[in-house]
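Work out the full structure: start from the sequences and follow the hints.
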Amino acid sequence: MADPLHTVAAPLREAFAAVTGLPAADIDPVVRNSDRADAQANGALALAKQLGRNPRELAEAVVATGLLADLCSNTEVAGPGFINLTFTPEFLSAQVAEAAASDRVGVRRAATPEIAVVDYSAPNVAKEMHVGHLRTTVIGDALVRMLEFVGHTVIRENHIGDWGTPFGMLIEHMVDLGGVDAELTIDLSDPSAFYKQARAKFDASDEFKDRARARVTLLQSRTDAPTMAIWQKLVDKSADYFDVVYGKLGVLLRRDDIVGESFYQPMMAAMLDRLDQAGLLAESEGAKVVWVPGFKNREGEPLPLIVQARTGGFNYATSDITCVLDRVERLHATLLVYCVGTPQSQHLQMVFKASEMLGVLVPPARAVHVNNGNVLGDDRKILKSRSGEPAMLLDLVDAAIERGRAIVAERSPELPADEKAELANTIGIGALKYAELSSDRIKDYVFDWSRMLALEGNTAPYLQYAHARICSIFRKAEVSRASVRGVTPTIGQSQERALTLQLLQFDAAVHDTLDKFSPHRLCTYLFDLAQAFTSFYEACPVLKDGYEATRESRLALCDLTARVLQQGLALLGIEAPERM
RNA sequence: GCUCCCGUAGCUCAGUCGGAUAGAGCAACGGUUUCCUAAACCGCAGGUCGUAGGUUCGAUUCCUACCGGGGGCGCCA
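All you need for this note's numbering is the position in the first sequence, starting with 1, plus 2.
Just so you know, these hints were derived from the structure itself, not from any lab.
The structure presented is a predicted model; accordingly, all values stated were derived computationally and were not measured.
One or more hints might be untrue.
[As the list claims (entries may be wrong)] Each pair of labels, with its calculated beta carbon distance range:
(1) Asp-238 to Ala-311: 21 to 31 angstroms
(2) Lys-198 to Ser-223: 21 to 31 angstroms
(3) Glu-458 to Gly-315: 48 to 58 angstroms
(4) Leu-24 to Arg-453: 30 to 40 angstroms
(5) Glu-412 to Asn-35: 52 to 62 angstroms
(6) Arg-300 to Leu-179: 43 to 53 angstroms
(7) Ser-482 to Arg-453: 36 to 46 angstroms
(8) Gly-23 to Arg-300: 23 to 33 angstroms
(9) Ala-80 to Arg-300: 54 to 64 angstroms
[Claimed, not checked] Think about it this way: if two alpha-carbon atoms lie no more than 25 angstroms apart in a straight line, the pair counts; the simulated BS3-like pairs of lysine-lysine are:
(10) Lys-478 to Lys-546
(11) Lys-422 to Lys-383
(12) Lys-203 to Lys-129
(13) Lys-445 to Lys-383
(14) Lys-478 to Lys-198
(15) Lys-298 to Lys-129
(16) Lys-445 to Lys-386
(17) Lys-239 to Lys-129
(18) Lys-203 to Lys-250
(19) Lys-129 to Lys-386
(20) Lys-235 to Lys-129
Beta carbons: idealized from backbone N, C-alpha and C, even for Gly.
Spelled out as C-alpha cells, the structure:
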C-alpha cells in the first residue's frame with residue numbers, strides 16, 4: 003500500500019500483539035494524522051484501559067519492540083500514551099515511487115467488486131430541469147465515477163417521471179394539436195411551456211378534464227397505438243432536452259440510462275402478488291398497504307406504506323419497491339445508491355424496510371439513501387430565478403460558462419480562441435460542480451457565484467490553477483511528464499515532506515469518500531493537496547539555476563501531484579486544464 | 001403532537017468511530033515578484049464548538065433535556 007498510515011499499521015499491530023499477547027488481527031493501532039509528527043498511533047490508550055494497564059508504559063513497550071525501526075526515524079511517546087511517528091525519508095521515497103509506478107496513482111481497488119446501481123437526477127417528462135436537480139445530478143455522477151474507479155460495475159439509472167396522471171392531459175393536448183405528427187419542440191428557455199398549456203386547459207375545461215382522465219386509462223392499458231405513440235414522442239423530446247443539459251453539464255447520464263417509472267409499471271401487479279404471498283399485504287381504509295414497523299402517523303398510530311390506492315391505482319411506493327426488486331433480481335446489484343433529496347428520507351426508509359421484509363433487500367444487497375440538502379439563494383430560500391420560479395438548471399449552466407468566459411477573457415487573453423472557449427467551459431462548469439460537491443451534501447448551502455468562481459480558497463479554479471502551473475513547469479523544462487515516472491524522489495525540505503505525505507493519502511481519501519458517499523471529503527483532500535503543492539512551489543524551486551541536483555526528484559513530485567489532481571478532479575467530473 | 005436532520009471564528013465551511021494548544025478559505029491587518037503562471041505564497045488576528053446536565057483519566061465528538069432553524073408524518077411523486 004502506498005499510504006504510509008496504512009503501511010505502518012501492520013508492524014504496529016504486531017508490536018501491540020507482542021506486548022499484550024492479544025491476536026494482532028483484533029488490534030486497532032488507531033493511526034491518525036498528526037500535527038506533531040507525520041502520524042500518531044493512539045491505540046495504546048484504549049488497549050491499556052481494556053487490559054487495566056498503564057497506557058504510557060504500554061506505548062513505551064510497543065516502541066521498544068523495535069518493529070517500527072525500519073519505517074520510522076523517530077518514535078516518541080507523548081502525553082498519556084500517544085506514539086508520535088516520524089517516517090524515514092527513504093520509506094516515504096519508496097512509497098511515492100510505488101504510487102507513481104501505478105496507473106491508479108496509489109488508489110486500491112475495492113476488496114470485493116460489486117454491481118452497484120446509482121439512481122440520480124430523475125427529472126420529469128415535459129417539465130424543466132431546475133436547481134433542485136443540480137445536486138443529485140452532480141453528486142450522483144461523482145459517485146458513479148468513483149465507484150467505477152475502485153473497480154465496481156456501475157449501472158447508472160435515471161428514474162425519470164414518465165408515467166401517471168399528468169400524461170392524460172399532456173397526451174390529450176397533443177391530440178388537440180393534431181396528434182403524434184403535431185409540432186412539439188421543447189423551448190430551452192421554457193421547457194415546461196407545453197405542460198403549462200395542457201395544465202391551463204385542464205383547469206379551465208371540464209370536458210378536457212374528462213378526456214384527460216379517459217386518456218390516462220387508455221395509456222395505462224398500453225393497448226392503444228396512437229396514445230402510446232404520442233406518449234413516446236413526449237418522452238423522446240424530453241430526453242433530447244435532458245441530453246442537452248447533461249451534455250453541457252458534462253455528466254455521464256444519457257438517454258440509454260433512462261429507466262423511468264413506465265418501465266416498472268408492468269411489473270407492479272406481480273410485485274403486489276409477492277407481497278401478498280409473503281403475507282405482507284394488508285388492507286386499510288380501502289387501500290392495499292404494508293405495515294412497516296417503526297413508523298407512526300400524526301395520531302401516533304402505525305403508519306402504513308400504501309402500495310395500491312383505494313381507487314386501485316399504484317403510487318411511488320409501488321414503483322419504488324418494484325424498482326428495488328428489479329435492481330436486485332434482474333441486475334444482480336448488491337449496492338443500491340439513491341441520490342435523492344432529504345424530504346424523501348422517510349419514504350425511502352419505508353420502501354427499503356418493506357423490501358427487506360419481502361426478503362429481497364437482504365445481505366449482501368443493501369440500499370443507501372444519499373440524501374442532499376437544498377441549494378439556497380441569498381434569502382435562504384430555494385434558489386429562484388428572476389420570475390420567482392426555482393432557477394432553471396440550464397440557465398445556471400449557461401451562466402456558469404458565461405462567467406468562465408469573462409474570467410478567461412480577463413486572465414488569459416493570449417490563448418487561442420478555441421482554447422479560450424474550452425477553458426471558459428472547464429472553469430465555469432468546474433466551479434459550479436465543485437460548489438455542489440465541496441460542502442457536506444446533507445446540509446443546505448447558499449449559492450454564490452463570486453465565491454465558487456473565486457480564484458482563491460476551496461474552489462475548482464484554485465485546484466485547476468495548481469494543475470496548470472505544474473503543466474507549465476514541464477513545458478518550460480521541455481521534459482515529458484512520463485519521463486520522470488521512474489524517478490524515486492528524495493524527500494528533503496519540509497514542504498517536500500508535507501507534499502509527499504499528502505500525495506500518499508489519495509487512496510485513503512477516495513475510499514473514505516466512498517464509505518460515506520460524501521464527495522466533499524475528496525474535495526477537502528484535493529484542496530489540502532493543492533495547498534501543500536503551492537507551498538512547495540514557493541519554497542522548492544524545480545528548474546532554477548543551482549537546483550540541478552534536486553530537479554529530477556522535484557519534477558517527479560510535480561508529476562505525481564498533477565496526476566493526483568487530474569485524477570481527483572476527474573472523479574468529481576471536473577476537468578483539469580493544462581493552461582489557464 | 002410524534003419523528004429525522006442541522007446549529008463550530010464577523011462571513012462561508014471542514015473536523016468529530018472520545019484524545020494532546022478545535023482547522024481552512026473569505027473579509028481585516030502586515031509582508032513577499034531582477035526568480036518555474038502573484039489566479040500565488042508567508043505572517044498576524046479572530047471561536048465559552050447553540051444552552052444546561054450526565055458518562056469518562058479525557059467530551060466539540062457519546063447520552064439526556066431544553067433553545068433555535070429546516071424536513072417528514074395515508075391513498076401526488
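query = Which of the listed hints are not met by the structure?
reply = 4, 5, 8, 11, 14, 15, 18
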